[in-house]
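J.: Here's the letter readout for the chains.
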Amino acid sequence: MEDRIMSKKQFLGGKNSNAYIVFYSTVMVVIVAIMLAFTSLSLKEKQNANILNEKKDAIVASLGLEKGSYDSMIEAYVVNKAGEVINTADSPLDKLFGLSASYAAGEYPVFENKTTGEVVFPVTGKGLWGDIWGYVALESDLNTIKGVIFDHAGETPGLGAEIATPKYQAQFPGQTIYEGDDMVGIYVVKGGAKGAAHSVDAVTGGTKTSEGLQNMIKDCLECYDNFMKLRKAPAAEETVTVNAE
Amino acid sequence: MKNKTFQSLTNPLAKNNPILVQILGICSALAVTTQLKPAFVMGLSVTAVCAFSNLVLSLLRNGIPDRIRIIVQLVVIAALVTIVNDILKAYVYDVSKQLSVYVGLIITNCIIMGRVEAFALSNKPLPSLLDGIGNGLGYGGVLVLIAFFRELLGSGSLFGYRIIPECLYEAGYVNNGLMLFPPSALIIVGVIIWVHRTANKDLQEK
Chain A
1227 MEDRIMSKKQ FLGGKNSNAY IVFYSTVMVV IVAIMLAFTS LSLKEKQNAN ILNEKKDAIV
1287 ASLGLEKGSY DSMIEAYVVN KAGEVINTAD SPLDKLFGLS ASYAAGEYPV FENKTTGEVV
1347 FPVTGKGLWG DIWGYVALES DLNTIKGVIF DHAGETPGLG AEIATPKYQA QFPGQTIYEG
1407 DDMVGIYVVK GGAKGAAHSV DAVTGGTKTS EGLQNMIKDC LECYDNFMKL RKAPAAEETV
1467 TVNAE
Chain B
1086 MKNKTFQSLT NPLAKNNPIL VQILGICSAL AVTTQLKPAF VMGLSVTAVC AFSNLVLSLL
1146 RNGIPDRIRI IVQLVVIAAL VTIVNDILKA YVYDVSKQLS VYVGLIITNC IIMGRVEAFA
1206 LSNKPLPSLL DGIGNGLGYG GVLVLIAFFR ELLGSGSLFG YRIIPECLYE AGYVNNGLML
1266 FPPSALIIVG VIIWVHRTAN KDLQEK
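Residue numbers (my numbering), protein chains in the order written: chain A, 1227 to 1471; chain B, 1086 to 1291.
Be aware that a few hints might be false.
[What the hints assert, rightly or not] Below 20 Å or equal to it, Euclidean Cα-Cα: the simulated SDA-like pairs (lysine to any residue) are:
no., chain 1, residue 1, chain 2, residue 2
1, A, Lys1293, B, Tyr1178
2, A, Lys1293, B, Tyr1246
3, A, Lys1272, B, Lys1174
4, A, Lys1272, B, Tyr1246
5, A, Lys1321, A, Thr1350
6, B, Lys1182, A, Asn1276
7, A, Lys1393, B, Tyr1178
8, A, Lys1270, B, Val1180
9, B, Lys1182, A, Gly1380
10, B, Lys1174, A, Thr1350
11, A, Lys1307, A, Lys1293
12, B, Lys1174, A, Lys1393
[To be verified] Computed, partial: chain A to chain B, Cβ under 7 Å:
no., residue
13, Leu1238
14, Lys1241
15, Asn1242
16, Tyr1250
17, Ile1260
18, Leu1262
19, Thr1265
20, Ser1266
21, Leu1269
22, Lys1272
23, Gln1273
24, Gln1401
Honestly, the hints are just simulated from the structure, not real lab data.
We treat Cβ as the ideally placed atom computed from N, Cα and C, and that holds for glycine.
Please model the entire structure based on the sequences and the hints provided.
T.: Below is the structure:
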């Protein structure tokens, strides 16, 4: 041990010389970088599996189903702006990892409850400090909200972050998003909705987050407008034929 | 000598407890103690980081240039915390979400830098490792103690399992909401310090 220190002292002119300090920091940083890169890469797969599970649970939670029932209950596919089901390179679940990019590319994932025909649309937008996102589940009439889950990256706890609480989200079920044929989304109203149509209360002290929430719901659901209209159209025809008989 | 090495492990558990005596690491003690599980994981994480940073820096102590020693300490600690954070995210995802920023903030936890600077840089690897484990456990122990009272009185459960029977609630018992807020942790820490000082007369200030 002592020998090594001695040799280091001769090496680059001693422990406190500038050359030694530069050498020491360089070696240290390289070693640490390799170590961190290795840990991060070797754990990435497991971490992504956890995040994917969380997303699956959020989707079934918005439908009011039990955790872990995603695989047995949900059928996922991707639609385009015109509302047609399209084939994409990556799965609908993969799309959730870069949802805004997927929206920009005109590819919109849909998660459908196989048995009831209820659908879940993933939504994404901007709050006050960063991203907000969530899942909006609609009843099979594609108009009434069945349930919502919202989450956020860094909204203020107690203010904007309230959108992620079950208490706040409990306002949404039963609200409708269509006014006749027009997609109006959900109005997030300052000062209390008091039972007005398509409206919920805004978060007190979270005005910007509330605005972001309103825009997110409207902008994102509008992308599914044609999909929902297409789904409703054949159903309407069917009723007509039944009546004619 | 043997005895002294052993003392570096046991001392921080009570006599020289980082939270109760040195009053270090209070911020996270208030933040992550609403439930036992995150407090427990936080205690373990700090123990791991404190032990390994002490060990690594004690091994490096003769080669570290004096002028950049704080930077070297920070790099080692930050690297360890990043690794711990990655492991938590991979294996106990829900807890890592609950701990959120506090795992990252272990880097700035005064206990770890304090032990490295005060102990590891001037002691051999083995006592340093034990000192790190001792301080981590001393910290974690107090965290778990605080969380025990907060979860029991605030939520009526321990480790998420309901402890207070339903019939008590029906008889009009209600959970103490204050226990879920940070001020209650401060009060509990205060009471624990009081009891601790009463038991250890030599710690009392004149």
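J.: Determine for every hint whether it applies to the structure shown.
T.: Hints, one by one, checked against the model:
1. Lys1293/A / Tyr1178/B: This hinted pair holds, its Cα atoms lying about 15 Å apart.
2. Lys1293/A / Tyr1246/B: 19 Å, holds
3. Lys1272/A / Lys1174/B: 8 Å, holds
4. Lys1272/A / Tyr1246/B: 27 Å, violated
5. Lys1321/A / Thr1350/A: 12 Å, holds
6. Lys1182/B / Asn1276/A: 11 Å, holds
7. Lys1393/A / Tyr1178/B: Between Lys1393/A and Tyr1178/B the Cα gap is close to 24 Å, so the pair fails against 20 Å, i.e. violated.
8. Lys1270/A / Val1180/B: Answer holds: Lys1270/A to Val1180/B is near 17 Å, not above 20 Å.
9. Lys1182/B / Gly1380/A: 13 Å, holds
10. Lys1174/B / Thr1350/A: 23 Å, violated
11. Lys1307/A / Lys1293/A: With Cα atoms ~31 Å apart, Lys1307/A and Lys1293/A exceed 20 Å; violated.
12. Lys1174/B / Lys1393/A: 27 Å, violated
13. Leu1238: Because about 10 Å separates Leu1238/A from the closest Cβ in chain B, which is outside the 7 Å limit, the hint is violated.
14. Lys1241: Interface hint status for Lys1241/A: holds (6 Å vs cutoff 7 Å).
15. Asn1242: 6 Å, holds
16. Tyr1250: 6 Å, holds
17. Ile1260: Where the cut-off is 7 Å and the nearest Cβ of chain B is about 11 Å from Ile1260/A, the hint is violated.
18. Leu1262: The hint holds - Leu1262/A has a Cβ within 7 Å of chain B, the shortest such distance being about 6 Å.
19. Thr1265: Result: holds, 5 Å to nearest chain B Cβ.
20. Ser1266: Hint holds; Ser1266/A Cβ to chain B Cβ min 6 Å, cut 7 Å.
21. Leu1269: 4 Å, holds
22. Lys1272: With a minimum Cβ separation of about 4 Å from chain B (threshold 7 Å), the hint on Lys1272/A holds.
23. Gln1273: Nearest chain B Cβ about 5 Å off; hint holds.
24. Gln1401: 28 Å, violated
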